[in-house]
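Take the given structure of chain Z and dock chain S to it, following the hints.
Sequence lines, in order, name chains Z and S.
First residue of the first sequence: 15, per the working numbering; consecutive thereafter.
First residue of the second sequence: 95, per the working numbering; consecutive thereafter.
Watch out, some of these pointers could steer you wrong.
Heads up, simulated SDA-like pairs for lysine to any residue below, C-alpha to C-alpha not over 20 Å straight-line [claimed, not checked]:
| no. | chain 1 | residue 1 | chain 2 | residue 2 |
| --- | --- | --- | --- | --- |
| 1 | Z | Lys-92 | Z | Ile-349 |
| 2 | S | Lys-357 | Z | Gln-217 |
| 3 | S | Lys-272 | Z | Pro-422 |
| 4 | S | Lys-272 | Z | Gln-217 |
| 5 | Z | Lys-19 | S | Ala-133 |
| 6 | Z | Lys-438 | S | Ser-176 |
| 7 | S | Lys-186 | Z | Pro-422 |
| 8 | Z | Lys-57 | Z | Lys-343 |
| 9 | Z | Lys-100 | S | Gly-388 |
| 10 | Z | Lys-100 | S | Gln-180 |
| 11 | Z | Lys-267 | S | Ala-133 |
| 12 | S | Lys-177 | Z | Met-406 |
| 13 | Z | Lys-438 | S | Gln-180 |
| 14 | Z | Lys-20 | S | Ala-133 |
| 15 | S | Lys-177 | Z | Ile-437 |
| 16 | Z | Lys-289 | S | Gly-251 |
| 17 | S | Lys-357 | Z | Ile-26 |
| 18 | S | Lys-186 | Z | Asp-428 |
| 19 | Z | Lys-19 | S | Arg-128 |
| 20 | Z | Lys-423 | Z | Asp-408 |
| 21 | S | Lys-126 | Z | Ile-26 |
| 22 | Z | Lys-423 | S | Asp-181 |
| 23 | S | Lys-186 | Z | Asp-408 |
| 24 | S | Lys-186 | Z | Glu-430 |
| 25 | S | Lys-357 | Z | Ser-101 |
| 26 | Z | Lys-100 | S | Ser-162 |
| 27 | Z | Lys-438 | S | Asp-181 |
| 28 | S | Lys-177 | Z | Glu-430 |
| 29 | Z | Lys-431 | S | Arg-258 |
| 30 | S | Lys-272 | Z | Gly-273 |
| 31 | Z | Lys-19 | S | Asp-181 |
| 32 | S | Lys-357 | Z | Asn-412 |
| 33 | Z | Lys-438 | Z | Asp-428 |
| 34 | Z | Lys-353 | Z | Asn-142 |
| 35 | Z | Lys-100 | S | Ser-165 |
| 36 | Z | Lys-292 | S | Arg-258 |
| 37 | S | Lys-177 | Z | Leu-99 |
| 38 | S | Lys-177 | Z | Ala-436 |
The set of hints was computed from the structure by calculation and includes no laboratory data.
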Amino acid sequence: MKFSKKTSLVLILLICISLFVSACSSTNEATSNSSSGSKSGGKIKLTLMIAWPDDVNGKQEEKMVAKKFADKYDITFKPVDNNVLKSIKTSIAAGEPVDLSFYWTSGMGDFVEGDMALDLTPYLKANNNEWMNTFIDGSLNLGTIKGKIYAVPNTPVYPMMLVNKDLLDQAGVTIPDQPTWDEFTNAMTKVKEKLGITPLGIQSGWAGWLVRNNLFAVWPNESKVKEWSEGKISFNDPEVAKVFNATKELYDKEYVYPGNGALTMTGDQVLNAFKSKKVAFMGYINFLADTAIKNSGVKNVQILTFPHMGSRSKVMGSANGFMIPANAKHPKASIEILKYLTSTEVLQHRVDNGSPVSVKGVKADDPKIALYAKDAGNLYTENEISNISPQMNDYIGNKLPANYIFNPKTTLGDLEKLRLEAIKQKK
Amino acid sequence: MTSQSKGQTINIKHQSEYPVISTSKGRSINFKQRLLGIALLIPAAIFITFTMFIPIFWNIVLSFADWSPLSGLHLVGLDNYSKLFQDSVTLKGFGYSIFIAVISSMIAILTGLLLALMVYKMSNKEGAVFRLIFFTPSMMPFIIIGLIFSFILSPDGLVNQFFRLIGLGSLEQAWLAKPGLVLWTVAVVSGWKGAGSVMMLLYTAIITIPASMFEAARLEGANYFRQIQMIILPLIKPTIGMVSMLVIIGSFKAYDIVFTMTKGGPGDYSKIVPLQMLDVAFSFNEFGYAAAIGVLFTILVAIIIFISQKFTKGDVYEY
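Just chain Z, with the same shape it has in the complex:
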């Protein structure tokens, strides 16, 4: 079909006008009727990011929230994934923040640094600390920065060691429930010698615990731990090198499954190795331990506190919890849902499914729950050194122990540089 030039010009003009009008109208819609926090038919529209795709408890909580607030809010759920930090920050930067999100309470420095998190303290302290008093003593400390609470916990999270007791019996090895680092490495040496297997399995994303926990434990007293957590001790300190070298030794001696290539192991690969008796010890996370043990099929499992250097058997830890972006469109609605998510009504079902929780008033009939939560009151309350800056958090969380294993000197130098920069920024 041939158009005359006049017709072509008119068509083009119409296309340009329609493009312009649709762009303008979609911008207006975005301002007055955004996907997050807008109203639809009288109900406030909210976007929540509270559950991981494979978290059965989280999915159950989504259903409970949807049902409870069906008359009041029009809720959309987005799944949490390993890029949760970037997802939240992207939504904040775009002016379309999620209304409530999962996050680790000890990691709130990532948001507070850029004034991106809502201060929850006034809401927690309202009505004579009504909401605050529902939490287990000390559990709100991890989400507290400079006296303000930016995240609330629902599940204490800390590392533990699962042990195939049958393999240990085969190797003629015993290990106490709260092993020191030496007891742990001696047991692994005997297992490797007697059974010929790589004794320890730990996925690459969690391998940093081997360093991080000992960076707390190596100090002789609480005041030193506090100094360390505030970034006042240099990474050139011999105690720090001792910690890093202890972990490097495990990899150099091929104690970590499968030996060569241990730094790339996924969670499934490690779990399969535990299931197939290729490892005797498996570093795991407490609130998923019940599922891991059931999936592995290993019947005789001993649960150990994560091994520690020094004399203190405390464990580094955090909590799974929730935060609200500072520019959330309807903070009161977000708070209402958050209160419900941290209520005994919701968290009781987590306990029933074998997961420990951070609130009082829940009942646990299964005695194993006590085992998975046995160190919940034994956590270091001081912040990790990684909290002094987002760059330190990224380095310690994502680059250790690999960087130290391949280049020890440069790694300590990099970390020291980051520590000094963080201290300079804070001044």
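The following block gives chain S in isolation, referenced to the frame of chain Z:
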């Protein structure tokens, strides 16, 4: 100049590339054609302006500033750029990006060329089957390729198991867990994926060469290798140049495959510039610094493309 017939005068005003005949409205057809052309381009121009030029301009402005979504923009001059040259992690990232881009491009171009030359010699049906086989990886998303190869290259994966099976256990490696080796591994996988597209583009160029040239060469006793040397390569050199440019540009954008296979690990030994930019922006809240990294990376890519064009420039033959 006038010509005259009975009762009629036609004025021919002047000669130009497009003969201009004056109309009753006094406007030239040339002007109208230009106006029409511009009008037809306006929708595309608007689209490109809003999706490319404005974001690029904003990024350049942001690279000279400190910006937070909640506190706004503050200009900081060249601070972000001077910070970049002192940031060893980012500078290493530039090195890793260049390494992966150069190696994967070389693999893609050389392999693609080899495949195109081999496929050209096959019969139509056979050639079609093999073209499909070799082109299939290019059709798959980088994420899928990355996931598949992270399994194949894991310590207990297909590659190491194969070496074990054929008695070459000494060749087993932690392909994605050793500094240095991880970059080669990612580059090879990325190059393998791109070879199919290169093959198709070069094959298309080869089939446009007149068959008479090959016949003449055969009559003079030239074998296929000689024909490649004397006929095919010189005649498809402009296409090789264009393909090289496209492959190099694509290989510098290798975010998906690196993220899926290594996430920048082990440690930060494969943390290429796009990964570092994302961390700087969304983990460290330094959007201005991330923009500066992006600007410098763009300049670097432009320089490398310019250099590669110089190398692949050659005579253009008409046939």
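Evaluation of the provided hints:
no. : hint                   : verdict
1   : Z:Lys-92 to Z:Ile-349  : 18 Å, holds
2   : S:Lys-357 to Z:Gln-217 : 14 Å, holds
3   : S:Lys-272 to Z:Pro-422 : 15 Å, holds
4   : S:Lys-272 to Z:Gln-217 : 16 Å, holds
5   : Z:Lys-19 to S:Ala-133  : 11 Å, holds
6   : Z:Lys-438 to S:Ser-176 : 18 Å, holds
7   : S:Lys-186 to Z:Pro-422 : 17 Å, holds
8   : Z:Lys-57 to Z:Lys-343  : 14 Å, holds
9   : Z:Lys-100 to S:Gly-388 : 18 Å, holds
10  : Z:Lys-100 to S:Gln-180 : 25 Å, violated
11  : Z:Lys-267 to S:Ala-133 : 71 Å, violated
12  : S:Lys-177 to Z:Met-406 : 17 Å, holds
13  : Z:Lys-438 to S:Gln-180 : 17 Å, holds
14  : Z:Lys-20 to S:Ala-133  : 11 Å, holds
15  : S:Lys-177 to Z:Ile-437 : 18 Å, holds
16  : Z:Lys-289 to S:Gly-251 : 18 Å, holds
17  : S:Lys-357 to Z:Ile-26  : 46 Å, violated
18  : S:Lys-186 to Z:Asp-428 : 13 Å, holds
19  : Z:Lys-19 to S:Arg-128  : 12 Å, holds
20  : Z:Lys-423 to Z:Asp-408 : 19 Å, holds
21  : S:Lys-126 to Z:Ile-26  : 15 Å, holds
22  : Z:Lys-423 to S:Asp-181 : 17 Å, holds
23  : S:Lys-186 to Z:Asp-408 : 16 Å, holds
24  : S:Lys-186 to Z:Glu-430 : 19 Å, holds
25  : S:Lys-357 to Z:Ser-101 : 16 Å, holds
26  : Z:Lys-100 to S:Ser-162 : 14 Å, holds
27  : Z:Lys-438 to S:Asp-181 : 17 Å, holds
28  : S:Lys-177 to Z:Glu-430 : 17 Å, holds
29  : Z:Lys-431 to S:Arg-258 : 44 Å, violated
30  : S:Lys-272 to Z:Gly-273 : 12 Å, holds
31  : Z:Lys-19 to S:Asp-181  : 58 Å, violated
32  : S:Lys-357 to Z:Asn-412 : 9 Å, holds
33  : Z:Lys-438 to Z:Asp-428 : 15 Å, holds
34  : Z:Lys-353 to Z:Asn-142 : 15 Å, holds
35  : Z:Lys-100 to S:Ser-165 : 18 Å, holds
36  : Z:Lys-292 to S:Arg-258 : 18 Å, holds
37  : S:Lys-177 to Z:Leu-99  : 24 Å, violated
38  : S:Lys-177 to Z:Ala-436 : 15 Å, holds
Violation of the numbered hints given earlier is confined to hints 10, 11, 17, 29, 31, 37; the remaining hints are satisfied by the structure.
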